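Peer 1: In case you want the letters, here they are:
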Amino acid sequence: MLVIRDLQAFIRDEKQEAKQILCGVHLTVKPGEVHAIMGPNGSGKSTLSNVLAGHEGYQITQGDVHFEGKDLLTLSPEERAAAGLFLAFQYPVEIPGVNNMYFLRTALNSIRHHKNLPPLDAMDFLSLVKSKMKEVGMDEKFLSRAVNEGFSGGEKKRNEVLQMLMLEPKLAILDETDSGLDIDALQAVAKGVNTLRNGTRSFIVVTHYQRLLTYIVPDVVHVMVKGKIIQSGGKELAEALEAKGYGWLENEAEV
Amino acid sequence: MISTTHPVTWVQTCFAEQNTGAEQAWLSLFRKKKLHDFLQKGFPTKRDERWKYIDLSALSKTAFSAASLSEQSQRIKKFISERKLQNDNTIIFINGHCADIHMGQLPLGLIVCSLQQALLKDDMQIKSYLLTEQDHSFAALNAALLTDGVFIQADKDVVVTKPIYCIYISTEQQAFVACPNNRIVAKENSQLKLIEEYVSIDTESYFNNVHTTIHAEANASVEYYKIQNEALSANHIAHVTIYQQKQSQVKTYFFSNGATLEREDVSVIQLGDHAETRMIGFYKLGRDHQQIDHHVQINHQASHGTSTMLYKGIVDKKSKAIFNGKVWVGQKARKICAHQANHNLMLSDSAEVNAKPELEIYADDVKCAHGVTIGKINEQSLFYLQSRGIPKTQALKIVMNAFFSDMLNHIADDPIKHYIASQVNYDEPV
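These protein sequence lines are chains D and W, in that order. Everything in the first sequence is counted per our numbering, starting at 18 for the first residue and increasing by one. Everything in the second sequence is counted per our numbering, starting at 23 for the first residue and increasing by one.
Keep in mind the hints are simulated off the structure, nothing from the lab. Misleading hints may appear alongside valid ones.
[Stated by the list, open to error] Partner residues aside, some chain W positions facing chain D, computed with beta carbon under 7 Å:
| no. | residue |
| --- | --- |
| 1 | 350 |
| 2 | 352 |
| 3 | 399 |
| 4 | 402 |
| 5 | 413 |
| 6 | 415 |
Please read all numbers here as calculations on a predicted model, not as lab measurements. Note that the Cβ used here is the ideal one computed from N, Cα and C, for glycine as well.
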C-alpha cells in the first residue's frame, strides 16, 4: 500500500533558514493495517503527514514514497486524493464564504470524476451525507454553515471524519485527530475509523497519547523522535510509552 | 491658461462634426461654452490628488471621433434578445444614441424618454438640469459633446417593480466618443429600479464618458445597478451624482469587469433627515495594464442618516485597482451612522492596489467606521480543498467566489443577482 524509503525533508523558517525535519524515515504500511505513529512534540509527525498529502511548504531532499506502486511525490495534492489518500488535518482550515455542503459535494464529485463515476445529484448526495453525519454525531445544521468557520475543536474534527467517511479513501492519515477532544468526540472519531476498517483499507494514526489507541487498536506502533522512526512494535509499545514517557527511547536513540 | 497636457485636438474636431446647427440656440451656446471650459481645463493630471493614481494618457493619445448611431441590425436585435437582463422595460442605446425604448405596461405617472426627445419638446426641467453647472473637465466634455441619454421620472406614489434595463451597446464604429447623460427622478413615495449595462459588439478602443444624476425625493426608494462589461480596450469614465431627500432609500451596485480604463465617480448627497444609503461595488481586474478606479463619496448634510459602503476587488496580472472612499459629515448633521469597507484580493505580485479610506467629520455625535484590507489567496485554504480531490484551478475559483459571496447576498433582485454571479463565474452553492 505505502512504502516510504529514507525520506528527508526540510522547511524554511521566517529567516529563510533551512530546518531539517525529516531525517530519513522508513515506513511500510500493508493493506488493511492500522499504524500508529507516536512521538514528542516537534519530532516530525505532522510534517510526515503533510508531506504525504502534498503540502508545498516542505522541500524533499532525499528518499521516495510509493503508494500502490505510484511515485507519490510527483503527484499534486488533488491527484493523491484521487488515488485514495486522505489526510485528516490537525488544524482543519476555516474557509469563510464556502458552504460546507457545497464543499463536501464538490470534493466527492471530484473524486468520483477521477474514478470515472457519474456525479451524485443533489438528492442522492443529501441522503448520503445525512446518514454519514448521523454516524459521526454531527448536527445537520453544519451543512449550511461555511467550512469549519466558527466550529468548535470537536466539531472540526467530526467534520474531518465526515469527509473521510464520504470520500472512502484507501489510506487515511489522521494527524492528531484526538488532540483537544472530549470523550464523546473521541469515541465518534474512533467509531468513524472502525466503521471504515476492513481487510484492504489502511490507516496511519498520528497521536501523542495512548488513549485513542484503546478505541482504535493498531497493528503496529512506531515511535518517531527527531525526524526518524526509532522504534516499532505492537500495541504494547504504546502502553509502555504511556507508562514510561518518551525519555527512555530518546536516550537510547542518542547512544 | 491652457494646461500642458493639451492640445486634445480631437475634442474640437468632434465638436465641429456634431455642430449641425439644428439644435436650439441656447443649447448651441451652452455647448460652445462647455467646450471652452473643457479646453481650458484639459483632462485631469496626476498632479490633481483625485487623479493621482490613474493614467489617463490614452484619452489624449487616441483621436476619437463623434459617435454615430448605427442601424439596429438583425445581429444587434438578436444580441439584445439574448441578454439575460433584457425584459419588457428595455431602453437600447447604440454608440451613445438612444435607438429604441420598449416599455411594457407603462404605469401611469412614469415618464420614460430619451434626452433628445425631451430637448425637442423643449422640456424646461431638462433645460435647467443641463444648465446646472458641474465644475470638472469630464462634465464639461460631456456637455460639449452631448450625445443623448435617458430621462426617467416616477411621479408621486408610483411604484415600478420591474427594473428598467438600459443597455449601452458600442458597435461597428471604431475609436468613437459617446457622452450620454441620464437623469432619473423618483418623486415622493415612488420606487424605481434601474440597470445600466455597457457592452460591445466587435468594437474596441472607444470612449464612453457618462453622466448620471439621480434624485430620490422624500420617502422614495431607488435601486441603481451599474454593470460595466465594456470591450477589453475600451475607456469608460462615469460620474454618478445622487441627491437624497428625507427618509429616502438608495442602493447602488457597481460591477466592473471589462474596459482597459475605468473611472467611476459616485457622489451621494443626503440632503434630508433619516436618509439611508447602501453602496456595494465589485471589481475584477485580470489583464495587464487594466486600470479600474472607484471614487465613492457620501455627504451627510442632514441628521439621522445612515450609509454603508462595501467595495471588494480581485486584482490579477499587471493591473491596477484604485479605491477611494470618503465619508463626509457636515457640521449640522447629527446622529449619523456611517460604515465603510474595502477589501482587495491580489492574485499576482505585479498587480497594484491603491486604497484610501477617508473620513471628514465636522459634527459631534456620529458613529463612523472604516477599514481596508489587501491580501493574498490563503494557501492553506487551497491546500485543504486540493487535499480533498478538488483540482487547483477549481479550488482557486471556490476561494475567489467565497471572497465576494457576501456581496451577492446584498442583492435582493434575483435575476440581477444570478446575472452578476454568472459574470464572475460564481458557482451557485447547492
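Peer 1: None of the hints should be skipped; say for each whether it holds.
Peer 2: Verification of the hints:
1. 350: violated, 32 Å
2. 352: Violated: closest Cβ of chain D sits about 37 Å from residue 352 of chain W, beyond 7 Å.
3. 399: At 11 Å from the nearest chain D Cβ, residue 399 of chain W fails the 7 Å test, so the hint is violated.
4. 402: holds, 5 Å
5. 413: It holds, given that the least Cβ distance between residue 413 of chain W and chain D is near 5 Å, below 7 Å.
6. 415: It is violated, given that the least Cβ distance between residue 415 of chain W and chain D is near 10 Å, above 7 Å.
Violated hints, listed in ascending order, are 1, 2, 3 and 6; each of the other numbered hints is respected by the structure.
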